[in-house]
Structure formats: C-alpha cells, structure tokens
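Asker: Here the protein sequences line up with chains V and Z, keeping their order.
Note that the first sequence covers residues 1 to 71 in our numbering.
Note that the second sequence covers residues 72 to 356 in our numbering.
No lab work stands behind these hints: they were computed from the structure.
Remember, predicted model here, so these are calculated numbers, not experimental data.
Note that beta-carbon positions come from the ideal geometry of N, C-alpha and C, so glycine has one too.
Certain hints may be false.
[Said to hold, decoys possible] DEER-style ranges, computed between Cβ atoms:
| # | chain 1 | residue 1 | chain 2 | residue 2 | range |
| --- | --- | --- | --- | --- | --- |
| 1 | Z | 317 | V | 48 | 18 to 24 Å |
| 2 | Z | 179 | V | 52 | 39 to 45 Å |
| 3 | V | 52 | Z | 337 | 52 to 58 Å |
| 4 | Z | 194 | V | 46 | 38 to 44 Å |
| 5 | Z | 107 | V | 27 | 18 to 24 Å |
| 6 | V | 46 | Z | 163 | 21 to 27 Å |
| 7 | V | 66 | Z | 193 | 54 to 60 Å |
| 8 | V | 46 | Z | 166 | 26 to 32 Å |
| 9 | Z | 178 | V | 54 | 49 to 55 Å |
[Stated by the list, open to error] Cut-off 25 Å, straight-line C-alpha distance, at most; resulting in silico cross-link-like pairs (DSS-like, lysine-lysine):
| # | chain 1 | residue 1 | chain 2 | residue 2 |
| --- | --- | --- | --- | --- |
| 10 | Z | 329 | Z | 282 |
| 11 | Z | 90 | V | 44 |
| 12 | V | 44 | Z | 206 |
| 13 | Z | 143 | Z | 169 |
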Amino acid sequence: MKKLFLIFIGTLAVAFFGGMALAQDNKGPRMTVEGREFDFKEVKEGTVLEHTFKIFNNGNEPLKIISVKPG
Amino acid sequence: MANFDPAVPPGGEGKITLKVDTKGYQGNVRKSARVKTNDPEKQTVLLVVKATVKVPINVSSRYVQLYGKGDKEVQKTINIVAELDKPLNLTVIEFTPKDKLKYTIETVQKGKEYRIRFTSIPGIKENFRGILKLKTNYSEKPEISFVIHGRFKPMDIPPRAPSSGIKKEAAVRDANTVKAPIYVSSRYVRLYGMEGAEISKTVEIRGEESKSLNLTITEFNLKDKLKYTIETLEKGKRYRIIFSVLPGNNRNFNGILKLKTSYPEMPLITFVIHGRFTKKGSNDR
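Could you build the full structure based on these sequences and the hints that come with them?
Answerer: Here it is as structure tokens:
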C-alpha cells in the first residue's frame, strides 16, 4: 500500500514539474508555421501565384507580426 | 506582395498570404518573404513560394550587351527555343542599330530552336542602344523584343589601386607575369540590374596560338543563383562563358567560378562574381 502511495506521489510530482516546465516553454508568444515553402510546380507565364501560410501562436501572449518584406 | 494578420492571440491561428506575378518570368522562380515577429525565438522567419514558369517561347536573354573598344568584333548570342508542340517561325519586324551592329539568325533545329548572333561592326567608337523586334507565328507570344546596348566609347578611367583579397592576389599575380599565357577578358563578373530582369554577362578566354587549351570547372558556388554556359569559339583556343542570373533572384550575391586549365604555367582561372539588384516598383515587363 505504502509503495503504491509513493508511486502515486511520484507520478504527481512528475506531472506537476513537467507541467511547469511546459508552461515555462510556452511563456510569451510562440509562432509555428505550417510549411515554410510552397511549390506551385509548373505554371504558365502570367499566372499570379498566391499562397496562404497558416501560422499558430502556441504561446501565452499575443503574437505580433511586425512586418513581411521581400526576403 | 504580402497580406498578413498583424496579431494572433494565444492559442489562435493567423494567415500570411504571399502573391507573386509571374509576368515576364521564365524557368525557375523563387520568391521569399522575411517575416518579423515578437516571438523571441523566431524573430525572423523566411517563407518561400516557388514555381517553374512555362513560357511558349524560351529566350536565353532579352538584353544584348556588347562591350568593347571598337577595334574588333564583339559577339553576343541569344537562343530562342519553342516550348509548345508546334513549329515556330520568326520574322524580323524592326532593327534599329543597323549601322552599328549586324545580326544573323541561325536555325539550330527547324521550327524549334534558333540562335541570333549579334556582331558589332569594328570601328564603332560610341555608345548606342537599339532594339530587335521579331514577329512569331505563336498567338500566345506574337512578338519578342531584344533591347540592345553597345558600349564602345573609349573611357579614360585612372587605374584603381587594388583594394583587398582576391583583387590584391590578382594584382600580385599580374605583376609577376610578363605576359599571361591565357588571356581572360575579365576576372570580375558583375551582374547588375533591375530585380526580375534578365541579366547576363560574357567573358572570353583565349589560349596561346601553339598550345591547345582545355578548361574544366572545379568550383562554382552560385548554382541556385546563376547559370553559366561555356561556348567553344575555336576548339582548344577560344572559349566564351555566359553567365545568366536565374529568374527569381533578387538578393545580392557574391561567389566564384574556378576553372582548371591544361596550362601548367597558369593552372587556375578564378572569376569573382557579384550580383547586385535594384528594386523596381512594379513588374512591367
């Protein structure tokens, strides 16, 4: 019984500290992008290429996009 | 062009849309956008859209630049390749620098591939510009125009002191050599122009009369930015290298092309390549 209790406490501690570590990781804005490169393959000259990249904020503060400039 | 959501709440989703007009482009096009965010770990992220732009007629360059001192012929060639599954016919409808330049249209493969060879007329000592306009039988591309620039006016440029690095090395090498066994028209390849324009540059390499010259590429570090073709003008003697900026490159670059030669007294030729691009307001080609 005592052994079982210790395992329970141990699991709780791991969950607690692990959670804290995770919370620490997500502090502030955290951006992830779904695919950073998009290939249209073959297109005819004059085609206007348009692609929307999805971005996610996995952080705990608002993510600001300051600028998007030709790179 | 880009549209984007300026802010994304925690746990939320946002969008960044990139738009690229492929008018005037051909071949591989790669456009990138640098995204700046307040994420301390990803302050800048590069997003890329790329495509292979198919054109009805592929033209190696729309700009013909001929530079020289006017004492001898200077040549430039342009290749035209039909990309559609029907024969291509070309007719000249306009050519302006008639007294400064001549051209020949060679059929490489009937109905499929043509080569235009522009040759300056010796004795010209002035700068000029002009146009060669071709009519085609393709309704998808009824006209092709080439912009021609000739630079033959003698310039009095005082010799510049070599600055650093490779330049200095070249100067030392030149000073130690009475007469270089291999003539190289220029070791510096400067590809300057408008963003999106087709930019190319030619250099010529000439060996000695009595000795056969062979060249092998040993290093080229601009594969994604630039292409080069080596033309044999006279087997074992004269070669021409044509450097062309690949479409979609709009960031400045520096690099080298290193050639191994069959001459033990000059085993290596190094070309220093600079690409410099100026932005343009809109894609008007």
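Asker: Does each hint fit the structure? Answer for all of them.
Answerer: Each hint, compared with the structure:
1. Z:317 <-> V:48: 18 to 24 Å: holds (21 Å)
2. Z:179 <-> V:52: 39 to 45 Å: Distance hint for residue 179 of chain Z, residue 52 of chain V holds at roughly 43 Å.
3. V:52 <-> Z:337: 52 to 58 Å: holds (55 Å)
4. Z:194 <-> V:46: 38 to 44 Å: holds (43 Å)
5. Z:107 <-> V:27: 18 to 24 Å: holds (20 Å)
6. V:46 <-> Z:163: 21 to 27 Å: holds (25 Å)
7. V:66 <-> Z:193: 54 to 60 Å: Check passed, 58 Å falls within 54 to 60 Å.
8. V:46 <-> Z:166: 26 to 32 Å: The hinted range 26 to 32 Å holds for residue 46 of chain V and residue 166 of chain Z, with Cβ atoms some 27 Å apart.
9. Z:178 <-> V:54: 49 to 55 Å: holds (51 Å)
10. Z:329 <-> Z:282: holds (21 Å)
11. Z:90 <-> V:44: holds (15 Å)
12. V:44 <-> Z:206: holds (21 Å)
13. Z:143 <-> Z:169: Holds, because 17 Å separates the two Cα atoms, which is no more than 25 Å.
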